[in-house]
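Chemist: My request is simple: use the sequences and hints to build the entire structure.
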Amino acid sequence: MKKLAIISVFTLTGVLVMSCGDNSKPGLDYMPDMKQSRAYETYDDHSNLSSKGVTFNNRPVSGTVSRGEELPYHLNNDSTGYAQSAGYANPLPRLNDTEMVEAERLYLINCAICHGTTLNGNGPLYNDGKGPYAAKPAMLVGDAKYEALSEGTLYHVMTYGKNLMGSYASQLNRKQRWMVAQYIKSKQGSAESSDAAAGTDSTASAAVAGSTMTTAQ
Amino acid sequence: MIQLRRAVKALVSLVFIISCLFSNKIFAQANGQALFSANCAACHAPYKELTGPALAGVEERWGDKKRLYAWIRNNQALLKTGDKYANELYLKYNKTPMNLFPNLTDPEIDAILAYIKSVPDPKAAAPTTDGQGATATSGEDNSLLYGILTLVLAVVVLILLQVNSNLKKLSDEKEGQPALEPVPFWRNKVYIAVIAILLFCVGGYLTVKGAIGLGRTKNYQPSQPIYYSHKVHAGTNQISCLYCHGGAQDSKHANIPSVNICMNCHMAINEYTGKDKIYKEDGTEVDGTAEIKKLYEYAGFDPSVSKVWDPNKAKPVEWNKVHSLPDHVYFNHSQHVKAGKVQCQTCHGEVQEMGVAYQAAELSMGWCINCHRTTQVQFKDNGFYSIYQKFHDDLKNGKIDSTKGITVEKIGGTECQKCHY
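Here the protein sequences come in this chain order: A and B.
Note that our numbering gives residue 177 to position 177 of the first sequence, counting from 1, and the numbers run on in steps of one.
Note that our numbering gives residue 87 to position 87 of the second sequence, counting from 1, and the numbers run on in steps of one.
Treat the hints as calculated values from the structure; they're not laboratory data.
Heads up, a few of these hints could be off.
Said to hold, decoys possible - Heads up, simulated DSBU-like pairs for lysine-lysine below, C-alpha to C-alpha not over 35 Å straight-line:
no.	chain 1	residue 1	chain 2	residue 2
1	B	K313	A	K162
2	A	K130	B	K341
3	A	K162	B	K277
4	B	K252	B	K293
5	B	K294	A	K35
6	B	K313	B	K84
7	B	K410	B	K380
Said to hold, decoys possible - Residues of chain A placed beyond 10 Å of chain B at every Cβ, according to the derived structure:
no.	residue
8	A5
9	E41
10	L49
11	S51
12	P60
13	L71
14	L75
15	T80
16	A83
17	D97
18	E99
19	M100
20	L108
21	L164
22	G189
Keep in mind the model is a prediction, meaning the values are calculated, not measured.
Don't be surprised by glycine CBs; every beta carbon is placed ideally from N, CA and C.
Modeler: So this is what it looks like as structure tokens:
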């Protein structure tokens with residue numbers, strides 16, 4: 001009888017030790033009083049606040065602009081708004097070199113996955129139709145239809161999306177969207193000038209690119 | 001001889017003519033493909049509804065080729081004539097106007113149509129890929145083999161021990177020594193001592209390990225409402241971590257992506273067509289297409305009703321948090337990602353190889369401190385650390401070895417109040 005008890009105790013502890021290896025549970029805590037916050041933290045469930053008489057809405061107050069943020073964009077997400085966006089001027093000054101590097105970084109993270117690192121509309125998700133994304137993304141460089149778009153229209157599409165492209169307003173703030181619009185335009189300008197005016201020096205071609213941009217707006 | 005020459009000549013000319021014919025055909029096809037890619041592919045695919053309808057069988061649906069030409073060149077003009085099929089089509093696709101292609105000639109449109117016809121139906125071709133699944137599972141067979149081998153060897157060892165003791169007994173009997181009363185193993189002092197020491201060591205090890213592990217959640221891998229594979233997204237499809245977790249560079253928290261970010265791609269990608277099959281940790285296969293359907297339920301998106309997704313219908317997906325630091329320690333993602341330029345994988349492990357995300361690092365205080373002691377701060381071209389003038393000067397005039405550099409510890413990264421306040 002005693003033997004049986006000893007053996008059963010051993011097997012039980014063995015089973016307990018084995019069951020500790022379950023990775024779907026976070027495991028045990030020792031005095032978790034200072035581990036879990038009493039205050040509400042990010043992603044906490046605050047659906048019960050209204051029952052406690054607390055008025056809380058995690059959206060910014062309507063009509064306000066946070067500090068350092070660009071002013072809101074007032075065109076609507078419809079065909080008239082899209083048409084008007086062509087004349088909407090970029091509120092940012094021309095980007096300097098370090099800002100352009102940052103704009104390129106933002107483009108590579110958020111846009112290049114579809115539109116390609118060289119803006120040729122052939123990112124890893126499309127990959128000449130072999131990737132999972134069935135629709136061919138816009139050829140931002142090399143297609144006259146997209147090269148003719150103004151920075152305002154590029155911003156409009158980034159804000160609201162177009163056809164199968166979704167809105168990027170949750171990933172890029174207003175300033176970042178204007179920066180990316182300028183980056184795309186700068187790439188289009190440089191590709192055009194290198195094709196058209198191989199003889200002229202770079203500053204002249206940049207000026208040409210700048211003038212086409214202002215006429216487009 | 002002359003006959004042979006003639007035959008050779010005829011053969012050569014035949015080959016030439018055939019090759020001409022074929023190259024012509026290839027040329028026409030490539031042309032159609034290029035035209036399709038340049039003009040149509042942004043909104044149409046042969047076998048998938050995108051912004052516009054799937055184009056396979058488009059000629060049969062329109063019947064009259066002249067109307068199809070007119071539709072492709074100027075769909076708005078055809079709509080105004082009151083063409084019934086055209087107007088139905090326009091309504092079905094939410095009145096999204098198709099672009100006008102007035103410059104496409106008849107042969108060019110024919111080339112595009114020929115290309116659409118030449119694309120094979122992926123559903124008909126699907127069964128050919130089955131052979132790959134069998135090879136993928138062969139990795140598991142090895143561990144089973146090793147297990148069986150170990151078992152066999154253990155049995156052999158037991159048998160040999162038994163044989164040895166029996167032989168000893170026999171030789172003892174031969175030499176005339178009296179056989180000792182056999183002691184049962186649970187009363188054998190040597191056995192008891194060995195087992196006691198073993199239990200003490202193993203038990204002690206497990207107790208200490210368990211005590212250290214209290215409150216730490218290494219390898220924690222909760223199941224999630226949707227089987228989201230980081231391997232497919234960040235590994236195979238090369239999506240940057242910051243595409244979805246952009247908050248890591250701007251704020252304390254690396255945000256969990258909203259449904260909107262998922263739908264940026266999954267509005268178009270509604271089925272899993274990857275070559276590699278997805279397996280859960282327990283080996284069961286995951287149906288990627290069914291998991292995308294789960295996302296559509298959260299998003300309130302039904303492709304069969306409307307191609308346009310209304311974000312107002314979306315409900316948040318309640319993902320389970322994997323990495324959780326205690327409230328009494330301050331940690332800021334942007335400090336590490338933006339100023340420190342630390343790679344995500346340094347703390348989160350090879351996420352691009354993970355199926356369901358799990359906690360790869362210990363996230364204990366010792367783990368933090370060790371990294372702060374050894375990691376060099378990226379002083380070069382980093383405006384964030386320009387305030388440390390003395391260190392910059394010392395680096396320049398060689399007082400500090402530039403190969404060793406400035407560790408995080410040197411700028412106060414191991415002070416208590418840096419993280420606990």
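Chemist: Each hint: holds or not?
Modeler: Hint-by-hint comparison with the structure:
For the hint pairing B:K313 with A:K162, the CA-to-CA distance comes to about 19 Å; that is within 35 Å, so the pair holds. A C-alpha spacing of about 34 Å is found between A:K130 and B:K341, which places the hinted pair at or below 35 Å, so the restraint holds. Proximity of A:K162 to B:K277 is assessed by CA-CA distance (about 32 Å); at most 35 Å being required, the pair is judged to hold. A distance of roughly 32 Å separates the Cα atoms of B:K252 and B:K293; the hinted pair therefore holds under the 35 Å criterion.
With a C-alpha separation of about 33 Å, the suggested pairing of B:K294 with A:K35 holds against the 35 Å cut-off. Proximity of B:K313 to B:K84 is assessed by CA-CA distance (about 33 Å); at most 35 Å being required, the pair is judged to hold. Of the supplied pair hints, the one linking B:K410 and B:K380 holds, its CA atoms being roughly 16 Å apart against a limit of 35 Å. Taking the minimum C-beta to C-beta distance to chain B, about 13 Å, the non-interface status of A:A5 holds against the 10 Å cut.
Under the 10 Å C-beta cut-off, the non-interface status given to A:E41 relative to chain B is violated; the minimum distance is some 8 Å. The Cβ of A:L49 lies farther than 10 Å from every Cβ of chain B, with a closest approach of about 16 Å, so its non-interface assignment holds. With a least CB separation of 19 Å from chain B, A:S51 remains clear of the 10 Å interface cut-off, as annotated. With a least beta-carbon separation of about 15 Å from chain B, A:P60 lies farther than 10 Å from that chain, consistent with its non-interface assignment.
With a closest Cβ-Cβ approach of about 20 Å to chain B, A:L71 is found to remain outside the 10 Å limit, as its non-interface label requires. For A:L75, the requirement that its beta carbon stay farther than 10 Å from each beta carbon of chain B is met, with the minimum near 18 Å. Every Cβ of chain B is farther than 10 Å from the Cβ of A:T80; the closest lies at roughly 14 Å, confirming the non-interface assignment. No beta-carbon of chain B is positioned within 10 Å of the beta-carbon of A:A83; the least distance is around 12 Å.
Distance check on A:D97: its Cβ is at least 13 Å (rounded) from any Cβ of chain B, clearing the 10 Å threshold; non-interface status holds. For A:E99, the requirement that its beta carbon stay farther than 10 Å from each beta carbon of chain B is met, with the minimum near 13 Å. No Cβ of chain B comes within 10 Å of the Cβ of A:M100; the nearest lies about 16 Å off, and the non-interface call holds. Look at A:L108: its CB is around 7 Å from the nearest CB on chain B, not clear of 10 Å, so calling it non-interface is violated.
The beta carbon of A:L164 is not kept farther than 10 Å from every beta carbon of chain B, the shortest such distance being approximately 5 Å. With 10 Å as the threshold on Cβ separation, the claim that A:G189 sits away from chain B holds: the shortest Cβ distance comes to roughly 22 Å.
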